[in-house]
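Between the sequences and the hints, there should be enough to build the whole structure, so can you do that?
Positions 1 to 479 (our numbering) are the ones given, in order, by the sequence shown.
Hints are computed from structural coordinates only; laboratory data are not their basis.
Please note: incorrect hints may appear among the correct ones.
[To be verified] Cross-link-like lysine-lysine pairs, in silico, BS3-like; alpha carbons within 27 Å at most:
{"hint": "1", "residue 1": "K167", "residue 2": "K330"}
{"hint": "2", "residue 1": "K303", "residue 2": "K167"}
{"hint": "3", "residue 1": "K330", "residue 2": "K303"}
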Amino acid sequence: MEMPIADARIMARKAAIVRRLSAALPGEAVIDDPAELRAYECDALTAYACPPLAVVLPRSTAEVAAVMRICHEEGVPVVPRGAGTSLAGGSLPTADSVVIGVARLTEVLEIDYANRFIRVQAGRTNLAVTGAVEAEGWFYAPDPSSQLACAIAGNIGMNSGGAHCLKYGVTTNNLLGVTMVLVDGTVVEIGGPNPDAAGYDLLGVVCGSEGQLGVVTEATLRILPKPEGARPILMGFASNEVAGACVADIIREGLLPVAIEFMDRPCIETCEAFAKAGYPEVEALLIVEVEGSEAEIAEQMAKIRAIAERHDPDALRESGSEEESALIWKGRKAAFGAMGQIADYICLDGTIPVSELPFVLRRIGELAEDYGLRVANVFHAGDGNLHPLILFDANKPGDLQKAEALGADILRLCVEAGGCLTGEHGVGVEKRDLMTVQFTPADLEAQMRVKDVFDPHWLLNPAKVFPLEASAGRRGAAA
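So, in structure tokens, the structure goes:
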């Protein structure tokens, strides 16, 4: 049987694009085998998958620029991809797109301790940035739970945070500059090692833009001296609401721990079974860490203990050694992987004012009961960045859809409480149709006009961030 004419044309066009890419990049940098493409068909939001037209794995900014020029000339959409750990479908390909993976861009390009920065290729993992400077007593502050695997490029795309964001901020607070390849292959330098770069704050536009404006290939990052010491304390409470009230009181007192992490009973039990961290049997657990000299740690711990005592804690245990501290954090860092051993789940990401924690946690519990689903809570309580994990059975018809509906209601709740749709996971495809909950049509139009400037034909990371009808219309108008 002959192939239909339309299919034959599609295959011929794909072959022509792959030939051009293969001629521009050396070695085995271009992947077009269907079996190998499956590794790139989704990110950590595995509910949605679509194999791309091809994947390229460049080793330099120049190679990225060459690929971008070819795709621009051919009118082919481009999907930037870090390590694929993103949880909102931010690097989900389309069938007609070329994925540019930065996994081979891992070199350290410059370290300047006097001026407190490191410059790296953007495919280097988060933890490996600290690895490059820790022997000299320095570290890179943002620490997502996926830091062992996630790439700096993805951290920049989603403005990732981590457990220690309460004190040190998220990626945007630690990013000094980027090298970025625009849609037509032009290479631009934005920001730099100086504290205040000249001109408009385009770096603030790029960080968190989810690959909508260009492909980041290099990053200049702020590094910090390691603190003299650090110590966590475990606090167990009788309910989520009481734990939330304790967090609000710590912040209200003007204290600034380096981290305040929250876990509820389902998450505590699962993480304890996985990591054997010695977590107490309580309804809600806080991990509060302070740092500084021994005198500073003692003073802060005394104040935090006094606040906790006002909430009648069921458990209160301060770490007594570096080994115990490492074990406490091992349990928290393993939360997402540990939960994946007992159920399928959707990991949400919304932010709320810290003062609203007791109310929002109670409402999440009520919503979960209404839907007949379980929700496990683990999140950065200090800055109100929630990560409810909605547990469901992917093999049960309708369960995924029910979990998504519950997730949408929880994110609406975050906005109604004075927060926003996302803190560090990005919008991707997961939240794109909820953007109208937070933004007016005029707000969205202003944001889309920024993309128009960088990407007039809407070829970069298509079908993400903006409601699908709006982005499809924009791309159609530009065609």
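Hints, one by one, checked against the model:
1. K167 x K330: Roughly 20 Å separates the two Cα atoms, so the pair holds.
2. K303 x K167: 17 Å, holds
3. K330 x K303: 25 Å, holds
Hint check: no violations occur; every hint is consistent with the structure.
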